Structure formats: structure tokens, C-alpha cells
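S.K.: Spelled out, the chains give:
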Amino acid sequence: MLNVRAFFLIACLIFFSVIKGELFFQGYQKNIVNIGPDIEEQDRWIRVKLHNSESGKGHIDNQEKYEIIFKVSNKGSFQHEKFKEERVGIRALKIATVGNARSLDPFGQGQELELDNNGEASYTLDLKHYLSPSNSKNTSDYYFWIGVVLASCEELNISGDYSIDLDLNISNKSKKIKKQTIHIDASAEYGETSFFAIEDERTIFKDPLKLSKSTLGNCERVATCLIKSNHEKGFDINFDFSNGGNFKHERSSAALIPISEIEFVPSPVNNGVIGFEGYDKLRGSFRRGFKLKVNSHKISRATYLKGDPFGNNGALFDLKLGWDGEGNYLAGNYKEVLTITFSAH
Amino acid sequence: MVKIRFIGAFLLMLSSMVYSAESGSPFEIGGKIEEKTSVSIGSDAEFEDGEYLDLTRSGEDETIASITVSSNDPDGFSIAVEFENDGKLINEDNSDAVINGTKAKLVYNSGDLGDVTNDFGDGVEVTDLSKTIEYNTGNSTTATSDWVVDVKMDYESGEEMAAGNYKETVTVTASAN
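First to last, the sequence lines map onto chains A and B. For the first sequence, this note's numbering gives the first residue as 1, with consecutive numbering after it. For the second sequence, this note's numbering gives the first residue as 1, with consecutive numbering after it.
Because the hints were derived from the structure by calculation, they are not lab data. Treat the hints loosely; a few may be bogus.
Taking beta-carbon pairs under 10 Å as the criterion, some of the chain A residues facing chain B (in silico) [what the hints assert, rightly or not]:
1. 202
2. 204
3. 209
4. 222
5. 223
6. 249
7. 250
8. 251
9. 252
10. 330
11. 332
12. 337
13. 339
Note that the structure is predicted; figures quoted are calculated from it, not measured. Heads up, the beta-carbon is just placed ideally off N, CA and C, and yes, glycines get one too.
Looking at chain A on its own, in the form it has when it is part of the complex (with noise of 0.2 Å):
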């Protein structure tokens, strides 16, 4: 019989070191947010919650204050789920607390934590000095609102799917409770936009091309294009030559200073953000037109210029061409046709 009472109580003890539990914060429903430049404020806002799951207490103890580390993935920056490079910063967090799920409105309630640059914050969280008088005590669960600030929605970010992990260290004197990871997935809508233009033509006009001086090695500027694009499929931009890659005479047909060579190259006073890749393959040997091709999987990121992204400035290209003017060419104006086009998919 005392054999069996031991055993009992053995069992007992095991039982209760087993379901012993801890405080913790959890996500509340689908840790959803909307970010973009449009968005309301409240549309930012997730709801956490703190739960006490310790066996034999069963309540929070409303007294007491906890210390919260927040530090949110990616140094404070939600990350596109596609392209890797395309980031929106988060400026700070908003913390809103409310004595339980179906209380008070938080929005404007909010304090706001400056996030440092590694995306961390603190907050000692005082639960009695938000607690409503009418709560009791002592309650198993508090819901906290957590919102994001974003540091710029003015970049010429891509639609789509984002996500930042925030985690959650929370102590407090009597308790040390293990970090907890929230993964947040923001929705963004930004709109697609596509501008393009060609800046700075020279023409046989304006700035005519020295073409008795021979420019092969060292590609001459034609002209700049600006590109801007959030295009997430991308786009494609076709360079046509009516002769073909040659400076025609104005009166012999016959006489022609041939193309030899053509680049498309980020201009030196460029202070964009190219977020593609691929149009280093225009650098090399003329054909008869060219098209760069700028699909899906050659994007990283939103093309844009920086500083001023809802401006009609972009990433600046220049084409340059190549061509042999140490030839004993014809007297005369020479001049070739080109047309620029430019679509997004």
C-alpha cells in the first residue's frame, strides 16, 4: 500500500513538471498586415497576445512589468518573398496594449519605438497602468496591438507578398520566458509604373557626332535613357536602326560609316537603383537591331532613381556606338535613324 502511495505521488510530481507552462506571446488569428503607400495606418497594426500558461496560477499577474525586446528580421525591413533585394523599411513599431481581446480600440493609443539599425526596441510594459479598472486582477491572457511605421513609402517598390519575423524577448524580475517569433506577412499594393524617356539625344543638330574621329574601344554617348519600373514581369526595351547600323551620306546612299560596336551602360551621373540584370549583353558587335529583353527572373528589384522615386526620373542608361572614322569618308552630314521603344509586359 505504501508502495502504491509512492508511486502516486511520483506520478503526481512527473504530472505537474510536465504541464508546467510559461508566458509567451503568440500571434492572435493571420499575422497579416497591408503596407504600400496608400495604406491606412490602422491597416498596419497586428494583434499579439500574452498568455500565461502556467499550471496552478492560471492568470497574469497585472502588477507586475515586463521587459519587451522587439527585433524585427532583415535589420527593420519587410522582404519581398520573390525579389530578394526589394525591401521596405520599418521605422519603428508601435505597441498599443488593452486589458483583453474585445476592449478598447488601440489606434491611437499606440506609443511609438524607434527602431536602432539593427532593427531592435525596447519597452517595459506596465500592465497595471493599462489596465482597465473594470478588469479584474488577474487574467490568463493580454492583447496587445502591434504596429509597424514604415521608414519610406516613397520608393518605387513591387507589389506582392512581404514578411518580416519580429521576435519577442519578454522578462521580467521573478520570470525569464524564451524568445518568441512572429512571422508577419505584409501585403503590399503598390500599382505597377513604367516610365521611360530618352533625356539626351544627340542629334545632327544639337550635338552632332564627331564621326572623322574614330570611337572604337572607347563607345561614344548617343544618347540617355531613363528607366523607371516596377514591373514585376518585367520589360523590354528594342533599339531599331532604319540603315541598319550605318551613317548614311545625306546625298550618296553608297557612302556609309558602318556601326561596328554598341553598349547600353549605367550613365556616370546615374544615382538609380537598377533592378535588373541583362543589359550588359548589348555590349559588343552590331547586328541589325537590338531588343533587350528584360523578363521576370532578370529582376531583383524596382528600377528607379533614388531620392526622388515618384518624380519622371529612373536609372539612367546611356547607348553608346562604336564606329571606324579614320577612313577617307565622303565630305558631308551622315546620319542614321534611331528608334527607341520601350514596353512593359
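Given the coordinates of chain A, assemble chain B onto it according to the supplied hints.
M.R.: Just chain B now, kept in the frame of chain A:
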């Protein structure tokens, strides 16, 4: 004496063009190749240089000058050769003593004449030396490079003429059109 006159002035007419910088709109790129025409004359019978013709016999195809032309002028160029005394070599002490020139011509020597409207063919020849020997290329679609033509002359024998120096003045003019 050989007088060289070269007129290099020319005019390139520019047609008006309209261009656009918009995406999809064609624009014209290009530039100008400057006109370069050069002419040099080399005399093979310049009296003052001691390059004498042998007047003790009749002369045939005697080279009296060479003209070298390089030109990329699309309007081409022209060459003219004139004899001041209608091809007569006149004694410097007695103007009645004359050795007549009987024929003069321009003939190809070397180099490349551009693709010109008026073919040079076998050259240009005159038997009446009071007339100017003229050649005009007309329009050219390719450049002329180091093209050399010789000025040649036939004259009668001066074997029985009075002793002394006999001279004629030839003026060669080459100019871009």
C-alpha cells in the same frame, strides 16, 4: 612658271529635320565629315629651277608637271591647264623666234580617283593650245585619294632656231566644285 590656284570653298547644305525625344519616336543621330581637298603641283620643266626641256629636238609626251589631288568633296573637283602664249615657247631675247607646242594633255599617273560622274578615261587632250585643258569630275560618291595626273606636251624641234632661252608660262588651277 607654274601658277597654282586652289579654291577650296564649298558649302554643305543641311536639310531641316524634325526629331522627337519621346519613347518610340525616331531620332536622327549623326555628324559631319569635314571637306578636305588638297592639291600639290610638281613641275618637271620649271625654267627657273633649271629643269629645261630639250628643245634641240621635237618633244613628244614631255612631262612638264604632275598634279596630285586628294578630295572627299561630294561635288567633286576640277583641274584646268592654261598656256599663256597658246603653247608657244618664245625666245626671251627675240619674240619672233618661237617653238610651237603642238599638243598637250592630262594623263593618269597613279592613285585612286573616286567614283565620279565624269570618267577620266584615257585623259584629256587638246591640240589647240589656245584652249584650256579642263577636267571636271562632277559629283563624287567616294573620295579621291592621292590621285596623280601628269601634264604632258608635244612641241616642234628647235634644232634650227636661234640660240637662247625659250619660255612659255603654264597656269594649273585645281579647285573643289
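S.K.: Each of the hints needs a verdict: does it hold here or not?
M.R.: Status of each hint after checking the structure:
1. At about 6 Å, the closest approach between the beta carbon of residue 202 (chain A) and any beta carbon in chain B falls short of 10 Å, and the interface hint on this residue holds.
2. This hint holds: residue 204 (chain A) has a C-beta 4 Å from the nearest C-beta of chain B, less than the 10 Å allowed.
3. Checking residue 209 (chain A) against chain B by beta carbon gives a least distance of about 4 Å; that is within 10 Å, so the hint holds.
4. A cut of 10 Å between beta carbons decides the hint on residue 222 (chain A): the least distance to chain B is about 5 Å, and the hint holds.
5. Satisfaction of the interface hint for residue 223 (chain A) is found here, the shortest Cβ-Cβ separation to chain B being roughly 7 Å, below the 10 Å cut-off.
6. Satisfaction of the interface hint for residue 249 (chain A) is found here, the shortest Cβ-Cβ separation to chain B being roughly 7 Å, below the 10 Å cut-off.
7. Annotation: residue 250 (chain A) was flagged as interfacial toward chain B, and the flag holds, the nearest CB pair being 7 Å apart, inside 10 Å.
8. The restraint placing residue 251 (chain A) at the interface with chain B holds, with a minimum CB-CB distance near 6 Å, inside the 10 Å limit.
9. For the restraint placing residue 252 (chain A) at the interface with chain B, the shortest Cβ-Cβ distance is roughly 4 Å, inside the 10 Å limit, so the hint holds.
10. Using the Cβ-Cβ criterion of 10 Å, the hint placing residue 330 (chain A) at the interface with chain B is satisfied: the shortest such distance is roughly 5 Å.
11. A least Cβ separation of about 5 Å between residue 332 (chain A) and chain B falls short of the 10 Å threshold, and the interface hint therefore holds.
12. Because the closest C-beta pair between residue 337 (chain A) and chain B is about 5 Å apart, less than 10 Å, the hint holds.
13. For residue 339 (chain A), the interface hint holds, the least distance from its beta-carbon to any beta-carbon of chain B being 4 Å, beneath 10 Å.
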